[in-house]
Amino acid sequence: MKQFMSFVTKEFYHVLRDRKTLFILFGMPVVQILIFGFALTTEVKNSKIVVLNMAHDQSSRLLIDQIEASAYFETSRELNSFSQVEEEFKRGEIRLALVIPANFEQNMRRGEQVKLQLINDASDPNTATTLGNYMGFILADFQRMHFPTAPLPMQIVSEIKMLYNPQLKGAPNFVPGVMAMVLMLICVMMTSVAIVREKETGTMEILLVSPFKPILVIFSKAFPYLLLSLVNVSSILLLSVFVLNLPINGSLFLLYAMSTLFIITCLSIGILISVRTNSQQVAMLISLMGMLLPALLFSGFMFPIENMPIPLQVISNIVPAKWYYIIVKAVMIKGLGFMSIWKEAAILLLMTFVLLGISLKKFKIRLA
Amino acid sequence: MEQVITAHKLSKKFGDFIATNEITFSVNKGEIFGFLGANGAGKTTAMRMLCGLSIPSSGEATIAGFDIYKQTEEIKKSIGYMSQRFSLYEDLTVRENIRFFGGIYGLSIPQIKLKTEELLGSLGLEKEANKLVSGLPLGWRQKLSFSVAILHNPKLVFLDEPTGGVDPLTRRQFWNMIYEAAAKGLTVFVTTHYMDEAEYCDRISMMVDGKIEAMGTPAALKQQFDAPNMDHVFYQLARGAKRKE
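Taken in order, these protein sequences are the chains called A and B. Residue 42 in our numbering sits at position 13 of the first sequence, with consecutive numbering throughout. Residue 29 in our numbering sits at position 25 of the second sequence, with consecutive numbering throughout.
Because the hints were derived from the structure by calculation, they are not lab data. Quantities reported herein were computed from a predicted structural model and do not represent experimental measurements. By construction, the Cβ of each residue, glycine as well, lies at the ideal position given by its N, Cα and C atoms. Do not take every clue at face value.
Claimed, not checked - One-sided excerpt, in silico: chain B residues whose CB lies under 7 Å from chain A:
#, residue
1, Cys55
2, Leu57
3, Tyr85
4, Ser91
5, Phe104
6, Ile108
7, Gly110
Construct the entire structure; sequences and hints are all you get.
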């Protein structure tokens, strides 16, 4: 135990003295969360729209105010005729135009069907759909608030119901994805590079000649990264709760337990890579190309697995990140308990045992 | 005389290639034993077997009385090892390196503290104690490296080309350290390419193509091969080698 502690202390010195590693270790999760949170988001905020108000009554004013009050739209100006709408679109400054018909309030009160027209710039179809949905929600809200007795449906009422993510926020999707990616990168790459570095500098031989058990060499090299990764899990969770306003719905303990399991799976991959390679560059390349890329492609975080051809769907099953991604989404976003994720957890556990088994066997063979 | 290393017909094969071919020798306690040979002669393989890093294909050997097949744990506790490549961590300070190696050899914290002060004093490294090893001159690093290798008072220390790349003066100082340690009863097993260093050894063996072709004191070998110095002895033997690097 004392031997183990001296080893772990030494490992921490290595990590803490290497500025570049430190930066990757603690800077990357923050940078990724911020990039995904604010730059690469599928949310569309502050879209410029115009309103052609033919009603000019109180209800139409209220509706426009409500639209403006949302974070998604910004009414640039009110127009007087259809020809102006087209001009605005041609200038390319607006994404959407809303046309409120004459006698809006009167017709609403009478319970007649009111036809509001939404004109979308569909040159970017995804954005157009998203904006259409946002507007649909606002209109439905408006109706519920001001004309609770009016019969449903109104002219523009979207029937789509967004489970778990009613505001169609991007964060619930990418936070688990970023967690999987960051842990994968840190545990696999850093561990394999750290172990291979000892081989390169020749210190591995010194360690193997010492009474310190080879298997302990491996574990004590991996141990600091387990702790550092847990720090990263915490920083990602803090950022997502306090910066992205994404609450943790499920058990925090379960989330940490599952993260620890995934970290151990990744560490085993890192160990396996380090046992098979002799140079830091090779270890890094394998980690990046062989591990990070599949994690990105097959976790379901960027590309939906259901839409992939069957062979790729099958391949996706051997990517640990996929299972972790499912677990984090279930626990963190949906607030589900262990009973609904035990299968995924069992798969990760099995992968860990297989990977560790192979690497320990290979490690012994190398010694002979 | 107590024998610290005994090897009897020790061999290591890699497929068809016989790296070490039935070597037989013994080393006495407190002796400085030079293990010489050209590159590729099988020195490293032999040394790895003796350290317990590699399992022999056949033959027997004991280190400090322990069997190299069955008692590798005991062997590891009674040997020290310093390699031609660096044995120290460059991004750790002198003190941290001593603490780390003391730690993995199972020394207690008070023991490590005591040893550290002792070592820093004898090497004159008090001022550099908290500096990174990467900032130390090569010669000092090697002396430190040797001291760290014998920190846990082993019976036997393996030095694998310990003086590669240092100037003659530093090499001389390094050898003085070896003599001092040997005088206290430490057995030293050293490989080297410098023939002047071979002269410093009590006894040497010459390996050619996996076999020990000659063994004895430097004086006896010079006489046997009718050579003015060890360089000539080495040339005569190595010229007959079939294996090239």
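*asked:* If you test the structure against every hint from before, which numbers come out violated?
replied: Going through the list in order, the structure violates no hint and respects every one.
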